[in-house]
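Protein chains in written order, with the numbering used here: chain A, 1 to 115; chain B, 116 to 225.
The hints are simulated quantities; they were obtained by calculation from the structure and are not laboratory data.
Ideal Cβ placement from N, Cα and C applies to all residues, glycine included.
Some hints here could point you the wrong way.
Stated by the list, open to error - To give a feel for the contact side, a few chain B residues facing chain A, derived at Cβ under 7 Å:
(1) 155
(2) 158
(3) 159
(4) 198
Unchecked claim - Residues from chain B that keep clear of chain A, each with C-beta distances beyond 12 Å, as calculated:
(5) 140
(6) 176
(7) 178
(8) 195
(9) 210
Here is how the chains run, residue by residue.
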Amino acid sequence: DTGVSQDPRHKITKRGQNVTFRCDPISEHNRLYWYRQTLGQGPEFLTYFQNEAQLEKSRLLSDRFSAERPKGSFSTLEIQRTEQGDSAMYLCASSSEERVNTEAFFGQGTRLTVV
Amino acid sequence: DAKTTQPPSMDCAEGRAANLPCNHSTISGNEYVYWYRQIHSQGPQYIIHGLKNNETNEMASLIITEDRKSSTLILPHATLRDTAVYYCIVRARTGNQFYFGTGTSLTVIP
Numbered sequence: 001d002t003g004v005s006q007d008p009r010h011k012i013t014k015r016g017q018n019v020t021f022r023c024d025p026i027s028e029h030n031r032l033y034w035y036r037q038t039l040g041q042g043p044e045f046l047t048y049f050q051n052e053a054q055l056e057k058s059r060l061l062s063d064r065f066s067a068e069r070p071k072g073s074f075s076t077l078e079i080q081r082t083e084q085g086d087s088a089m090y091l092c093a094s095s096s097e098e099r100v101n102t103e104a105f106f107g108q109g110t111r112l113t114v115v
Numbered sequence: 116d117a118k119t120t121q122p123p124s125m126d127c128a129e130g131r132a133a134n135l136p137c138n139h140s141t142i143s144g145n146e147y148v149y150w151y152r153q154i155h156s157q158g159p160q161y162i163i164h165g166l167k168n169n170e171t172n173e174m175a176s177l178i179i180t181e182d183r184k185s186s187t188l189i190l191p192h193a194t195l196r197d198t199a200v201y202y203c204i205v206r207a208r209t210g211n212q213f214y215f216g217t218g219t220s221l222t223v224i225p
């Protein structure tokens with residue numbers, strides 16, 4: 001399967017700890033997106049990359065959050081000093097802006113629980 | 116990106132067509148209409164998208180009104196596995212984020 005892959009699928013952490021999630025996009029997709037989804041809500045945009053450049057960040061992305069895509073392939077999302085309010089599903093998606101069809105494909109997400 | 120309005124929930128009998136409406140009255144000329152769905156605890160799944168012509172693929176049909184201010188996603192023969200939250204999104208082809216909103220929760224009833 002060559003879809004978007006996210007790791008881990010589930011993460012339980014204590015408040016105050018740092019966590020890091022990984023996303024492997026579809027090969028050759030130049031755009032990569034991070035979203036957050038809380039219970040009963042639609043996915044909310046956090047940030048996106050075009051190749052290795054981070055082009056847009058939502059105001060939801062506080063200073064405790066940092067995302068990287070160092071070689072324009074996989075990406076990591078780190079949350080420092082986690083808070084209970086960070087508990088959510090973190091979704092990654094990728095797309096190609098160089099093709100006719102530019103729909104984004106999503107991974108299965110990483111569910112974070114902060115206790 | 117333009118916002119969309121969808122009913123919060125709908126029911127459909129198994130085997131019947133499910134027609135999910137979406138209003139996007141402020142859509143711009145270069146914005147496409149995308150539909151995604153999300154089955155519980157999974158990532159959103161792309162269904163279909165279109166600009167102004169009606170579109171059909173193996174999953175669904177998309178009907179866009181002539182003035183492009185609204186659209187309807189049609190699942191021709193709904194099954195229990197089509198129970199999900201359906202999101203209508205408008206976005207320029209090379210736009211930035213996909214804005215999801217709260218979608219329509221479709222329940223297919225046996």
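Violations among the numbered hints, reported as their numbers in ascending order: 1, 4 and 9
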